[in-house]
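Chemist: Take a look at the letters that make up each chain.
Number of protein chains: 2
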Amino acid sequence: MERVTATYYIETPYAVEAAAQVLAGEQSSGTFVAVPGETEELKQRFAARVENIELLETVDHPAIPGAISSTGKYHRAMVKVSWSIENFGYNLPVLISTLQGNLYEITQFTGLKLIDIDLPASYGNHFSGPAFGIEGCKKLAGVSGRPMIGTIIKPSIGLTPEQTAAMVRTLADAGIDFIKDDELLSASANSSFENRVDAVMQVINEYADKTGKKIMYAFNISGDIDDMQRRYGKIVKSGGTSAMISINSVGISATKKICSLHQLAIHGHRNGWGMLNRHPLLGIDFTAYQKIWRLAGVDQLHVNGIQNKFWESDDSVVTSVKACLTPMFDHRRPMPVLSSGQWGGQAPETYRRTQTTDVLYMAGGGILAHPLGAAAGVTALQQAWQAAVDGLSIEEAANLYPEFAASVKKFGKK
Amino acid sequence: MERVTATYYIETPYAVEAAAQVLAGEQSSGTFVAVPGETEELKQRFAARVENIELLETVDHPAIPGAISSTGKYHRAMVKVSWSIENFGYNLPVLISTLQGNLYEITQFTGLKLIDIDLPASYGNHFSGPAFGIEGCKKLAGVSGRPMIGTIIKPSIGLTPEQTAAMVRTLADAGIDFIKDDELLSASANSSFENRVDAVMQVINEYADKTGKKIMYAFNISGDIDDMQRRYGKIVKSGGTSAMISINSVGISATKKICSLHQLAIHGHRNGWGMLNRHPLLGIDFTAYQKIWRLAGVDQLHVNGIQNKFWESDDSVVTSVKACLTPMFDHRRPMPVLSSGQWGGQAPETYRRTQTTDVLYMAGGGILAHPLGAAAGVTALQQAWQAAVDGLSIEEAANLYPEFAASVKKFGKK
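Protein chains in written order, with the working numbering: chain A, -1 to 412; chain B, -1 to 412.
If we strip away everything but chain A, and leave its shape as in the complex, we get:
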């Protein structure tokens, strides 16, 4: 019988093997005393199994509150635990409860992070993955041979539909590929969802009629499931190609439902991610996280950006990009979305470390606050990526491209 295997980075004051067995017990038989009916045959079939333990460092202070060590030492290890798919089948919420449920409460651990998940072959058949993925998104946006260049409407909240549409027109004139609502805006007092779609799509459709290129706009449909479905329908009817969902805020059951409609590319925003990942020994790593959301069918996934304005390291961002680009079954791969403080200067380093242009590269202020205007901002980003692929340094690129040079002057390190 096929099994799902999870890899955890753990810390415990006890023997690692004993702590791992507590995890396996809690996440399958699940009680603190033996009870009638728990036969050996049943255990054999449904019990979680500790498959492997790799001992790592020992430390003097616990990472998070839990059992106190009698020796003053806390042992770290990589632990692999597996479950038969007979336990949960293809039910994602129950898979999540199995891999990321009560185990985080276990006092025997003073650190626990889900690092990776190995999914069995039949998952590849049962789930269809992203409906569009990298190639589908690029095709919808009329982009090839380079990254999709995108931006977020800023200020995040407060513009009217007319002001938003005016900004879209500016960005369309500038040659943008992708625009999105901010995650803070779905419907505000002065920007109803429907009016915003009408105003924005009028510009985008007009532009598409003229040029043949339809800008992808990810309207933030996050909300109640009925509202999300209605808004999704509104976008489809208006000729849009994408919808955005704040995946952590909405949750997997409603997100998967929306993804299953297969008419729009789903932009998966991971805001709230820091809660789940920022501590090195608590929560979940992106490698595991993105697998779950690929099963749900998300087409684009945020991965932060190189030299971002947030706390995350470049190494972590690079690992996340590569995770999205790693094939899973014969599914389409989700497009990694690079954003946060991006202005083009990070393109050479991003390309050097990932060797791909299969990304959506998002700049907010980097475009709209470009000293020569938004059009120059978009041009500068395209130049930055061309330079990156050509192996130029920032200085060499600035010498070659005046718009990018202006970006360097405004946004580069002083």
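Please keep in mind that the hints were generated in silico from the structure rather than gathered at the bench.
Just to be clear, a hint being listed does not mean it is correct.
If several chains are the same, the list does not tell them apart, and a pair holds so long as it fits within one copy or across any two.
Stated by the list, open to error - Lysine-lysine pairs mimicking DSSO-like chemistry, simulated, CA-CA at most 27 angstroms apart:
#, residue 1, residue 2
1, Lys71, Lys211
2, Lys408, Lys41
3, Lys307, Lys289
4, Lys212, Lys232
5, Lys211, Lys137
6, Lys78, Lys307
7, Lys307, Lys71
8, Lys289, Lys208
Fit chain B to the given chain A structure using the hints.
Modeler: This is chain B only, laid out in the frame that chain A set:
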């Protein structure tokens, strides 16, 4: 205009006021440079406001990775930030993205936890809260003047529907009020959801016909939204009174949809909660968390238990019970669900500290592994609570009640 105010426990190497302003900026205007269109009027209306700062301790080591202090000091504080409801209206996912979104990524913080939320009056009108709540659940289960006594079918996974039903019969004979599936089981290879509902409800309905008391069974419907709705309908049709949802695994949009159907009491299981709460300076406190899920309409909410087998302190559990019992608008209050290593011995301390019997008190092994059998296990729990309300100590209760005395002998501290 009404505002939502959030209280955060923060840590920063910078001046607290400056870091708080970064949070407010990120969560409303949201970009690292000023952009055109961001007028003073717009800011006035939509910008988040830092309402209050209460300085707390200063420490020498950062709680979580972030900016490095040039002075070696990290300042902690309670910070209140508010947003106009014009930003998000009554959209819970967007409210969540606003209060718990990208702010966890901000490098200026080396600790950030959402402690509480103040919701404006109109939220009380727009949302209806739990459809059943404490009183409704007790009424459905035919319980008054004492806690609901419940149990979880164990082993968590592996029993057939017939074995589960046989256990339900034993528990019914024993006088149980409430039974639930484990969160690890929704449909397993040897226990389809439909067959389990049929087998279990046959016992429960038969018993109800005979005694007039209908045991509440929370079937775990967690899954895809369409499956959840179908399974919900199956329970209703079969005469059931409750469904369980793993709320973190399913997510708020699908959970709220199910709660809105108003035909079954929704048992909200918070597995995965440790990811969100276990670190003292990362994530969200239960006080804030339970408010969001009350808006979604969850009728019962897990709060762990006094002297539990997990890592959580008794103080934290007591705070969580009180949070559920604190009125919110004129809504029904969710029933706190006490569980984890409970066997009755914790009843006196639980009652002493919470002064309530408006709880669902869950014991797994504490009932099914009782030395005199399950019936004695249930009796012992009822005795424990009667003793608690009567102000007896564990010793006094054991002298009075033989079934409880047997529990003490088996499960009490050796």
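Chemist: Would you mind marking each hint as holding or not holding in the structure?
Modeler: Hint check results:
1. Lys71 to Lys211: neither (61 angstroms within a copy, 53 angstroms between copies)
2. Lys408 to Lys41: between (64 angstroms within a copy, 24 angstroms between copies)
3. Lys307 to Lys289: within (26 angstroms within a copy, 31 angstroms between copies)
4. Lys212 to Lys232: within (17 angstroms within a copy, 45 angstroms between copies)
5. Lys211 to Lys137: within (10 angstroms within a copy, 61 angstroms between copies)
6. Lys78 to Lys307: Between. Shortest inter-copy distance 23 angstroms satisfies the 27 angstroms Cα cut-off; intra-copy 34 angstroms does not.
7. Lys307 to Lys71: Between. Shortest inter-copy distance 22 angstroms satisfies the 27 angstroms Cα cut-off; intra-copy 36 angstroms does not.
8. Lys289 to Lys208: Answer is neither: 39 angstroms inside a copy and 50 angstroms across each miss the 27 angstroms cutoff.
In summary, the numbered hints that this structure violates are 1 and 8.
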